[in-house]
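Student: One letter stands for each residue in the lines below.
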Amino acid sequence: MELKLRSANNVQILELAGRFDTYTAGEVRQWIEEAAAKEPANIVVNLQGVDFVDSTALATLVQGVKNCRQLNGDLRLCGVQQSVRMVFELTRLDRFFEVYSQETEAVKAFAN
Amino acid sequence: MNAARKNQESINEVYLKADVIRLTVPAQHKFLNVVGTCIRALITNESNVSDRDTLIYNIELAVHEACANIVEHAYAGLSGRIEVAFTLVEEPRRFIVELGDNGRSFDLSTVSAPDLTKPQTGGYGLFLVHQLMDKVDYYPEPGNNHWRLVKQY
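Chains as they are written, first to last, in the numbering used here: chain L, 51 to 162; chain G, 8 to 160.
Rather than coming from a laboratory, the hints here were simulated on the basis of the structure.
By construction, the Cβ of each residue, glycine as well, lies at the ideal position given by its N, Cα and C atoms.
You can trust all of the hints, since none of them are fake.
List time: in silico DSSO-like cross-link candidates among lysine-lysine, alpha-carbon distance up to 27 angstroms: (1) G:K37 <-> L:K54; (2) L:K116 <-> L:K54; (3) L:K116 <-> G:K125.
Partial pick of chain L residues on the chain G-facing surface, computed with a CB cut under 8 angstroms: (4) R69; (5) D71; (6) Y73; (7) L108; (8) V112; (9) V137; (10) T141; (11) L143; (12) F146.
Covered stretches of chain G (in silico footprint by chain L; criterion: 3 or more residues with CB under 8 angstroms from a CB of chain L, positions within the stretch not fixed): (13) 27-41; (14) 68-75; (15) 116-127; (16) 133-140.
Next up, chain L with everything else stripped away, as it sits in the complex:
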């Protein structure tokens, strides 16, 4: 899996590509833990290039949201592919995450 990091408007952005699963989730978990420990804990995870998400990836993102919200921040998602979206719907996590189609929208939403 590829990870690209950047920031915009005080929001930390993590762009992932490839397979986000038990084998690759450790690196993502570590980055999110570090990013979520700094205020403002505002994170956007761009999943546009992710074609496979498993239960460990879901758990990693859920923990990330919980960490961010403890510091009054949030972790938001964007670019979720249709097949990956199905996993969020089955687990009803689509109701828990704020999901945007575009990264710019997700970043802009933090300003509101």
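Position chain G against the provided structure of chain L, taking the given hints into account.
Tutor: Frame of chain L; chain G shown alone:
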């Protein structure tokens, strides 16, 4: 002829007619994508499949979660292998996945479903296996456990 033997012969007959692909992978998370790649290739070969991408993802994710369970719980850090068999059967068309391991057994009936009203940081794996496949059977036998997952398409 007893019923069990008759049933086994009937299963054997189906398998002889069907296309079966077998592979063996080390029980490590890093090799589970190989199993997924094989599923994708087999479904891609099939003609007249509606919503092929969703079918592939459903089967790939269910099998991945079952294999991850074997790595984490059956072998629990010990080295081992997962025997995988894919069978494509006609009438009704179905994709059968069998997984074998030599690790510890567990009681599938004691695994509770996650509370979907609250976000969880674990427990979605076996829930997804059941949600994504039409039939899920687990035959625990210490040192020779067997999963059978079936998806109609």
